[in-house]
Amino acid sequence: MNTALLGFDAAFAVALSGLCTAWAQSRIGAAGAGAIAEKPETAPMIIVLEALPETIILFGFVIAFLIIGKM
Amino acid sequence: MLKADHGYANARVRAMKSRLLDQSVFEKMLGMKDLSEILTALDKTSYRNEVHEEVLKAGLLVGIEEGLRAATSADLQKILKIIDLEAKNLIEVLLGRWDVQNLKTILRGKHIGAAKADIISSLAPAGCLHDSVLQELAEQPDIRGVIDLMATWSIPYSKPLTAELGKYQQNLALQNLEFSLDKFYYQNTLARLTGRSLDIQLVREVITREIDLTNIMTLLRLTRENLAPEEKEKYLLAGGRRLNWGSLVKLAQVQDADDLIVALEKSVYGKVLQEGWQLFLVSGKFSVIERRLENQVITKNIALFRADPLSIALVIAYIWAKLNEVVNLRILIRGKEVDMPAKMIRQALVLV
Numbered sequence: 001m002n003t004a005l006l007g008f009d010a011a012f013a014v015a016l017s018g019l020c021t022a023w024a025q026s027r028i029g030a031a032g033a034g035a036i037a038e039k040p041e042t043a044p045m046i047i048v049l050e051a052l053p054e055t056i057i058l059f060g061f062v063i064a065f066l067i068i069g070k071m
Numbered sequence: 072m073l074k075a076d077h078g079y080a081n082a083r084v085r086a087m088k089s090r091l092l093d094q095s096v097f098e099k100m101l102g103m104k105d106l107s108e109i110l111t112a113l114d115k116t117s118y119r120n121e122v123h124e125e126v127l128k129a130g131l132l133v134g135i136e137e138g139l140r141a142a143t144s145a146d147l148q149k150i151l152k153i154i155d156l157e158a159k160n161l162i163e164v165l166l167g168r169w170d171v172q173n174l175k176t177i178l179r180g181k182h183i184g185a186a187k188a189d190i191i192s193s194l195a196p197a198g199c200l201h202d203s204v205l206q207e208l209a210e211q212p213d214i215r216g217v218i219d220l221m222a223t224w225s226i227p228y229s230k231p232l233t234a235e236l237g238k239y240q241q242n243l244a245l246q247n248l249e250f251s252l253d254k255f256y257y258q259n260t261l262a263r264l265t266g267r268s269l270d271i272q273l274v275r276e277v278i279t280r281e282i283d284l285t286n287i288m289t290l291l292r293l294t295r296e297n298l299a300p301e302e303k304e305k306y307l308l309a310g311g312r313r314l315n316w317g318s319l320v321k322l323a324q325v326q327d328a329d330d331l332i333v334a335l336e337k338s339v340y341g342k343v344l345q346e347g348w349q350l351f352l353v354s355g356k357f358s359v360i361e362r363r364l365e366n367q368v369i370t371k372n373i374a375l376f377r378a379d380p381l382s383i384a385l386v387i388a389y390i391w392a393k394l395n396e397v398v399n400l401r402i403l404i405r406g407k408e409v410d411m412p413a414k415m416i417r418q419a420l421v422l423v
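Chains as they are written, first to last, in the working numbering: chain A, 1 to 71; chain B, 72 to 423.
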């Protein structure tokens, strides 16, 4: 039972951080596409900004990994 | 319901905003000797391609003006393409203001028998009515021809004009036709702006502020013409932002323009009216008050650049800033063409 709960928690950590990352990237992607359309020279900066929210899912993964370590 | 996401459009508009000319460019242009120097200066702006294309076709003055019109029109069309449907409907409502302005320009031109080219050069490069439609309307021999053609093409503005045409033909008073257009536009617009979203509220704010200032100008003009209060009321528009119908009726009772300025002293428009009134007393030109009130509208609407960055405030502010820029450029090149002193040209510009 305890193992099942921990497994669920680990999955929840990854799923929630994944959803948040997707939402943030969608907003940044839309605005970034607009900025690049008008000013192509901003592309490198936009790519960096687009990648930033991926740290969120990395945190989720680390938390999930720590939870799995307790199993 | 999820809030509409204007992230893509706003990012593009923000980038387009960075291409607007700043005050220093206008200062440089004011110091230039002639149109050819201004043409060279425009080479470094977003107007470059359109202006050069039109100058080759139509010569320096007309070419620059046509180039500015073409570039602005293309800019506005681009905005309508990149925003979502709901925002597009709202922006089209706002652009209707320039349709009314352009139709008034055509009617005024026909009223005084102006040449087609002069009418067309005075049209604003904005609005939902296509350039070719406006050109065809400007080609009509008289006001009746313009209204008949509008009715044939089912342009909605033909309804109020057709209703007033009989009166116009009797007394040749253009203000009735113009007022019927204003009334039709503002009533229809306010009826469409129902809902509580931030975007709708923003557009409503812009429209109702304009109604207030139109009413103030109407009251000032009619009070100077010594019209009876009940006659003045016929030319007032309902639905203002700060001045409701009750206060408008009270203001219509005021018999003297000086007293009207005093009566409006404590309203939000008091300060700007006082300034305009002082300028009028010095220059004797009533148009300076009108220009001062227009400045107020332009400044307030361009200030929307600082409003909620996730709403369509940015788009509204950009449209006003762009059209103000084109008007400024046209004033500048017209002034340079007739060798007007830089100081006088600067006074006519609205640099926000």
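Some hints here could point you the wrong way.
[What the hints assert, rightly or not] The calculated lysine to any residue pairs, modelled on SDA-like cross-linking and capped at a C-alpha distance of 25 Å, are: (1) B/321 with B/353; (2) B/152 with A/25; (3) A/39 with B/374; (4) A/39 with B/297.
What the hints contain is simulated information worked out from the structure, not anything from laboratory work.
Owing to the predicted nature of the structure, the values given are computational and were not obtained by experimental measurement.
- Task: Sort out whether residue 374 of chain B lies within 25 Å of residue 39 of chain A, counting only the CA atoms.
- Result: 24 Å, holds
_Check whether the Cα positions of residue 321 of chain B and residue 353 of chain B lie no farther apart than 25 Å._
28 Å, violated
Below or equal to 25 Å on CA atoms is what counts here, so check residue 152 of chain B against residue 25 of chain A.
Holds. Residue 152 of chain B to residue 25 of chain A sits at ~23 Å (cutoff 25 Å).
Self-check item: Hint consistency between residue 39 of chain A and residue 297 of chain B [alpha-carbon to alpha-carbon, up to 25 Å]
Solution: 56 Å, violated
Taken one by one, the earlier hints fail for this structure at numbers 1, 4, listed in ascending order.
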